[in-house]
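Engineer: Each chain is listed here by its residues.
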Amino acid sequence: MRPAPKGCGAGPSLTELAQRLAAFLQRQLPHAPDIRIDGLAPVSGGNARKAWSFDLNFSVDDGHTDLPCIMLMQAQAGQLESDLTAEFKVIAALENTGVPAPRALWIDEDGSSLGAPTIVMERVFGVTDILALRAPEPAGRNLAVALDFADAAAKLHRVDLHGLDFLDTPTPQSAAAEQIALWETQFLKHRMEPHPAIAFAFQWLKSHQPVAERISLVHGDYRFGNFLFEGERITALLDWEMAHLGDPVEDIAWAYRALWTPEMHLPLDGFVARYEAAGGPNVRLENLLFYRLFGEVKHAVISLTAARSFADGRTNNLRLADRMTLALPCIRQFYNWLPA
Amino acid sequence: MIRPTDEELLAGIAEALNNTVLPELARGTAARKQLQAAVEVLRRIAFALPDEACVLAADNEDMAEVIGRIEAALSCYSPPPNLPHQEGRTRSEMLPVNKTLPLQGLGGGDATTSSADRNEALQAKLTELQANIPPDLSAQITPLLTNLYKRMTDRALALIPPPVLRTPRKSS
Chain B
36 MRPAPKGCGA GPSLTELAQR LAAFLQRQLP HAPDIRIDGL APVSGGNARK AWSFDLNFSV
96 DDGHTDLPCI MLMQAQAGQL ESDLTAEFKV IAALENTGVP APRALWIDED GSSLGAPTIV
156 MERVFGVTDI LALRAPEPAG RNLAVALDFA DAAAKLHRVD LHGLDFLDTP TPQSAAAEQI
216 ALWETQFLKH RMEPHPAIAF AFQWLKSHQP VAERISLVHG DYRFGNFLFE GERITALLDW
276 EMAHLGDPVE DIAWAYRALW TPEMHLPLDG FVARYEAAGG PNVRLENLLF YRLFGEVKHA
336 VISLTAARSF ADGRTNNLRL ADRMTLALPC IRQFYNWLPA
Chain E
12 MIRPTDEELL AGIAEALNNT VLPELARGTA ARKQLQAAVE VLRRIAFALP DEACVLAADN
72 EDMAEVIGRI EAALSCYSPP PNLPHQEGRT RSEMLPVNKT LPLQGLGGGD ATTSSADRNE
132 ALQAKLTELQ ANIPPDLSAQ ITPLLTNLYK RMTDRALALI PPPVLRTPRK SS
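Line by line, the protein sequences are chains B and E. Numbering-wise (this note's numbering), the first sequence opens with residue 36 and increments by one. Numbering-wise (this note's numbering), the second sequence opens with residue 12 and increments by one.
For the record, the hints were derived by calculation from the structure and aren't laboratory data. From the three backbone atoms N, C-alpha and C, an ideal C-beta is built for every residue, glycine too. Careful: at least some of the hints might be erroneous.
Chain E is nowhere near these chain B residues, computed Cβ spacing over 12 Å in every case [unchecked claim]:
id : residue
1  : LEU75
2  : ARG138
3  : LEU140
4  : GLY150
5  : VAL159
6  : LEU178
7  : ALA189
8  : GLY198
9  : GLN238
10 : ARG249
11 : ILE269
12 : ARG292
13 : ARG327
Pairs of lysine-lysine, DSBU-like flavour, derived with a Cα cap of 35 Å [said to hold, decoys possible]:
id : chain 1 : residue 1 : chain 2 : residue 2
14 : E       : LYS161    : B       : LYS224
15 : B       : LYS241    : E       : LYS161
16 : B       : LYS124    : E       : LYS44
Bound conformation, chain B alone (with noise of 0.2 Å):
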């Protein structure tokens, strides 16, 4: 019998949450007396964690200050075991960058007062419509985005990294090398077969990894319907809780994966001549195969730790029961890939 979820039934109430809240960011603005929380309402945070839409209005001195904000809350369980201070940490990092990114307001470390690690950052404008951008039409438009994702990445990956010393700093030499070690450990704690087949996909990639051009911070999610845009332009990136420092291609790489590769607006070639126009760093062509084919095995991994976390009654999301079956094109395009 599946052990009932813990911590995974309903949650705190709405109005409970909203005093709770309010609570935790009275203390956060001691000098502010008359805080207010408008329209607290749950939006789609992904399978990562639940996530709540809410206007701030609160007063200092004589100044009065409406602030949209997004709360993040991490989920019992999922797809991923993330780390939501580093992630707050590396989006604090990120401002006045020119990374498109929203601003890191406030965090609930340890969930003392939220009930569960929180996260508070300001709203930013736009929508993650992914379908859109992947429709025929506005190909213009579609294309205009995807030239705006190429230029975002290379300003993230020449992000300068003294402020973000909390991440593990790899060497060119180390950075495959951890990354590999890190989905491997994932893989293995969390298979619930031996999956022969992705075994030796770990194997032929700790075999084969390349030396990175440099080493950035990179985002670890990169891909469309991860960030927010408006019109032609991106207004933030989102969902930072894979963000490490690492090979810069291993982004490109995951950004052109079949699930949601913006293709067929703009070629991967297009795609590497516009970012490197941009600033980003070289990208060679035998680290971006190498990343193709990790990126396949690391979604597989992240599919099998999603099935994993339902099978164990660690989660009620019932769109992760079944994510095993999403591993398998994953298994097939690295072999498809597979140098010979």
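Add chain E to chain B, keeping to what the hints say.
Structural biologist: Okay, now just chain E, sitting in the frame of chain B:
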């Protein structure tokens, strides 16, 4: 009693939930998303059920055959002398055998081992073998493994129904 079959029942339940319960749930709600996911899982299982046993059997035969070929290659193999990474190791140390595996069932026909148990044992045996391939046999054995994994993945993919196409929301 053989009708309705399990796949007919599951497909019917999925259809009924989709037609009668789903429209009662407001768009965007967690309940609606949960039901949509449940319907998709039911449809997938209903689609796979008729061929699942055949695919498992085919995988088992395929894995057993490849394991046999790898073991034959290994049995003819003599490690070259003075390979630095192999010095001091016997061949049995390079190819450790997991004694917990039901090895007797790997060749097929063992009625006491279910297809799923045999499948898992074969997977474990492959995982163990491929982790210990001597480098100078890699060119011979690697294609056996990669082609096997392509065939197995293709068979598994054939059990997944084509996705139901979604239409984009109107862009703002």
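Engineer: With reference to the structure, classify each hint as holding or not holding.
Structural biologist: Status of each hint after checking the structure:
{"no.": "1", "hint": "LEU75", "result": "holds, 16 Å"}
{"no.": "2", "hint": "ARG138", "result": "holds, 22 Å"}
{"no.": "3", "hint": "LEU140", "result": "holds, 25 Å"}
{"no.": "4", "hint": "GLY150", "result": "holds, 17 Å"}
{"no.": "5", "hint": "VAL159", "result": "holds, 14 Å"}
{"no.": "6", "hint": "LEU178", "result": "holds, 14 Å"}
{"no.": "7", "hint": "ALA189", "result": "holds, 25 Å"}
{"no.": "8", "hint": "GLY198", "result": "holds, 34 Å"}
{"no.": "9", "hint": "GLN238", "result": "violated, 7 Å"}
{"no.": "10", "hint": "ARG249", "result": "holds, 32 Å"}
{"no.": "11", "hint": "ILE269", "result": "holds, 15 Å"}
{"no.": "12", "hint": "ARG292", "result": "holds, 16 Å"}
{"no.": "13", "hint": "ARG327", "result": "holds, 16 Å"}
{"no.": "14", "hint": "E:LYS161 x B:LYS224", "result": "holds, 24 Å"}
{"no.": "15", "hint": "B:LYS241 x E:LYS161", "result": "holds, 20 Å"}
{"no.": "16", "hint": "B:LYS124 x E:LYS44", "result": "holds, 32 Å"}
In summary, the structure is inconsistent with hint 9 from the numbered list given earlier, while agreeing with all the others.
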